[in-house]
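S.K.: With the hints as your guide, set chain B onto chain A.
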Amino acid sequence: KNQVEQSPQSLIILEGKNCTLQCNYTVSPFSNLRWYKQDTGRGPVSLTIMTFSENTKSNGRYTATLDADTKQSSLHITASQLSDSASYICVVSLNNAGNMLTFGGGTRLMVKP
Amino acid sequence: KAGVTQTPRYLIKTRGQQVTLSCSPISGHRSVSWYQQTPGQGLQFLFEYFSETQRNKGNFPGRFSGRQFSNSRSEMNVSTLELGDSALYLCASIPFSGSTDTQYFGPGTRLTVL
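Chains as they are written, first to last, in the numbering used here: chain A, 53 to 165; chain B, 3 to 116.
The set of hints was computed from the structure by calculation and includes no laboratory data.
Every residue, glycine too, gets a C-beta built ideally from N, C-alpha and C.
Every clue listed holds true.
Covered by chain A, per the in silico footprint, the following chain B stretches (three or more residues, Cβ under 8 Å):
{"no.": "1", "segment": "42–54"}
{"no.": "2", "segment": "108–115"}
Simulated DEER-style distance windows between Cβ atoms:
{"no.": "3", "chain 1": "A", "residue 1": "S59", "chain 2": "B", "residue 2": "T102", "range": "23 to 29 Å"}
{"no.": "4", "chain 1": "B", "residue 1": "T16", "chain 2": "A", "residue 2": "I64", "range": "38 to 44 Å"}
{"no.": "5", "chain 1": "B", "residue 1": "T40", "chain 2": "A", "residue 2": "E67", "range": "26 to 32 Å"}
{"no.": "6", "chain 1": "B", "residue 1": "P97", "chain 2": "A", "residue 2": "D121", "range": "26 to 32 Å"}
{"no.": "7", "chain 1": "A", "residue 1": "D121", "chain 2": "B", "residue 2": "Q19", "range": "47 to 53 Å"}
{"no.": "8", "chain 1": "B", "residue 1": "Q19", "chain 2": "A", "residue 2": "T72", "range": "42 to 48 Å"}
Only chain A is shown next, with the shape it has when bound in the complex (with noise of 0.2 Å):
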């Protein structure tokens, strides 16, 4: 079964450290993947899409890394801002899938003062 697994389900920082959030996966065959940013009651936005020859990407603060060969990826957001409270998913599609995502269930982040 494709699954997409996230940890920690939840994680408090104060203002201006770093952290890492972590994504596993065993979606197959790989096409990408995608970290989202969710703030709460609103739509995903994308961060980061990787493909399957890429090991890391960055968006300002956020850096994203891959491993394709143990299937597993990281967020690392850095110098904390109080905007960055919010819901990360990592997003995993399928090849040959067109747009069909398997979603992570998120990383909830405080980001406190």
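M.R.: Then chain B, alone, in the frame of chain A:
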């Protein structure tokens, strides 16, 4: 450029009724995907439409259906509503239908079934 528009934003229905949700994608985008988000199941793929044709369908019962019009606008319909259908329904606008295309999500329609 206008973003993705979903209407209505909030909806309250009773069991057994049917509902139609609408999604207007970003101008020029030709593909629309629909997702259901619940606290228990998270985000789940419903279906994808490209050029008025359903390309993929998720694991949902036949009560869930959709269509896409020639202007790329899409509707989804849920018949014989059940309490478990209460969820945030998200529509995503996609430039074409490639698997690496960025998906732009709308604000969602919050459906409550009583």
